[in-house]
Amino acid sequence: MTETGGARAGMGPRLRRAPAGGWRTATVREVDRPTPRTVRLRLEVPDRVDHLAGQHYVVRLTAEDGYRAQRSYSLASSPGDPLVELLVERLDDGEVSGYLADVVEPGDTLEVRGPIGGWFVWEGDEPALLVGGGTGVVPFVAMLRTARELGREDLLRVAVSTRTAAELPYADELRAAGALVVTTRERSGIRPAGRLTAVDLVPLWEPGQTAFVCGSASFAEAASQLLVGLGVPAPDIRVERFGPSGTSG
Amino acid sequence: MAGPTRGFLGRSRRERDPRLPPGQYDVGADWPVLTAEPTPRITPETWSITVDGRVENPVSWTWDEAHRLPPSEYRGDIHCVTTWSKFDTRFAGVSVDTLLEAARPTADAHFVMATAKTGYTTNLPLEDVTGGKAWIVWEFDGEPLPVEHGGPVRLLVPHLYFWKSAKWVTRLTLLQRDQQGFWEQNGYHDRGDPWREQRYQGD
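Line order of the protein sequences matches chains A and B.
End of the first sequence = 249 in our numbering, gap-free, step of one.
End of the second sequence = 1203 in our numbering, gap-free, step of one.
Derived by calculation from the structure, the hints in this document are not laboratory data.
In this text, a Cβ means the ideal position worked out from N, Cα and C, and glycines have one as well.
Treat the hints loosely; a few may be bogus.
Said to hold, decoys possible - Pairwise CB distance ranges (calculated):
1. A:E95 <-> B:E1101: 39 to 47 Å
2. A:G178 <-> B:F1087: 45 to 53 Å
3. B:G1003 <-> A:P192: 51 to 59 Å
4. A:R17 <-> B:G1003: 40 to 48 Å
5. A:P82 <-> B:N1057: 55 to 63 Å
6. B:P1058 <-> A:G98: 51 to 59 Å
7. A:T164 <-> B:P1004: 47 to 55 Å
8. B:D1026 <-> A:G178: 41 to 49 Å
9. B:P1146 <-> A:P207: 28 to 36 Å
10. B:N1057 <-> A:R148: 35 to 43 Å
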C-alpha cells in the first residue's frame, strides 16, 4: 500500500492525471468494414479533449422512447488525428455493436463521451511490449500511430494473436510496424496454427518495458500469465479485458 | 441531452427487469472478468485481512481466524460499470460490520480505502460499508470464490458499481478525509451508485 513514488509504480498514484472529456454529439464522417465482423467509424468530435493512446470512448444510443444503451470502445486514432477512430466488433446479439455495424451511415450523429481511462495508456516516452488478441489490437494501433507521429517507433514491440489472418483488423498496419502475428486457426508461413507462447515473447521482452495486454478475458489471462512466467514483474503488466468470460460460466 | 439516435430501437423493453439500473443489461449466467492487472496467485495461508487507520484497535485476521467470525451472506444483484448486471448472486463470508466492531473506528473516521494484495485500491464512504451493506466474501454460490473473481477473498459492496468490491482484498484503512483509489484517480466516480449512474467523475 505504501509503494508509491511516481507514475511507474504499479497501481499506485499517478503523477499526472489522464485527460477526460464529457458528452459530445459527434458526427460520423467515415464508415467501413475492414473485416467481416468489424466496422470502423471515424467521428468528428466537437470541442474534443485530446486523448492518450490506449484510452477509450463511450458510445450512447437513445431510442425514441428514451431507452438508452451504452458501451465502451478503444480508440485506434492517435491524438494528432483530426477525427476519432473506433473499431467495433459485431457481437452476436450485440445491442450496440449490431447497431453500429448495420445501421450507422456517414452524416449520422452519435452521442459519445471520452476520453476515459488513465491506466491502460502509453504516454509516448517509455519502452513498451504490446500483446493483443483479436480486436484487442485496437489500442495498440493508437500507440503505434502515436509513436510514428513522435518518431519513436523504436520504443514499441508488438505481438498479436488472431484466429485467421483475414480476421485481424489493421493487419497491414501492424505488420508494417514489425508486429509478430500469430494465427491460432490456420498455418502462417511455416508456422502451424497455434497460440502465442513464451518462446514468441522472449525476443520481444526487455527489462524496463511496460507490458500492455489487451483481448478477450481468456486471451488476456493467458498472455499476462505468460509474461509473469517470463519474469515480467506483475506491476509492470497492464491488462485490458473485454467481452464475456468465455469458457466458464 | 441529445435526442434519439436515428434508427436505434434497442432490445425489447417489455421484459426489461425492474432490478436493472439505468444503462445496464442482464448478463445472465455469465460473469465477465475485468481486471487491470495479472491475476495473482494467493493461497489462503498467505492471506489476511487488516483493519487499520482511524481505529482504536487495529486488527488483523488470518484465513482461519476470519472463518471463526460470525458468518454472513449476501443474496441479490451486482452491477458492473461496464454495463452488465448479474441477478440473484449468493456470496458468503463476514460482514464488514463485524470487522469494524472489533477495530472500533474513531469518531473522525468517515471514509475507507480498500487495498488488494496486488496494490489495487478503491475508496468508499464509511456509511457505504456499514449497516449490513458490505462483506468480505470467500464463497460464491456455495463454492470457493474463483481466483479470477477475487479469490480467495474479495470485498463485496453490491449496492455500488463492482469496481468498489475490490478483488483480493487484504486491508481496510479508515480515513478522516477521502482519498481516491485506483479507478477513481483514472476518471471513475468517487461513489459509484448504479441507480444514479455515477460512472465517471462529474456524473
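inquiry  = Against the range 41 to 49 Å, how does the distance between the Cβ atoms of D1026 of chain B and G178 of chain A compare: consistent or not?
reply    = 43 Å, holds
request  = Look at the Cβ atoms of P1058 of chain B and G98 of chain A and judge whether their distance stays inside 51 to 59 Å.
outcome  = 52 Å, holds
key: Supplied distance hint 47 to 55 Å, evaluated on CB atoms of T164 of chain A and P1004 of chain B   = 38 Å, violated
query = Is 28 to 36 Å right for how far apart the beta carbons of P1146 of chain B and P207 of chain A are?
reply = 32 Å, holds
ask   = Taking the beta carbons of E95 of chain A and E1101 of chain B, is their distance inside 39 to 47 Å?
value = 45 Å, holds
ask   = Is 45 to 53 Å a correct range for the gap between the Cβ atoms of G178 of chain A and F1087 of chain B?
value = Since the Cβ atoms of G178 of chain A and F1087 of chain B sit about 47 Å apart, the hinted range of 45 to 53 Å holds.
ask   = Is the distance from the Cβ of P82 of chain A to the Cβ of N1057 of chain B consistent with 55 to 63 Å?
value = The hint (55 to 63 Å, Cβ to Cβ) holds, given that P82 of chain A and N1057 of chain B are roughly 59 Å apart.
key: Cβ distance range 35 to 43 Å for N1057 of chain B and R148 of chain A, holds or violated   = 58 Å, violated
request  = Look at the Cβ atoms of R17 of chain A and G1003 of chain B and judge whether their distance stays inside 40 to 48 Å.
outcome  = For R17 of chain A and G1003 of chain B the Cβ distance comes to about 33 Å; the hint is violated.
key: G1003 of chain B paired with P192 of chain A, Cβ distance criterion 51 to 59 Å   = 53 Å, holds
Checked against the numbered hints given earlier, this structure breaks hints 4, 7, 10; the rest are met.
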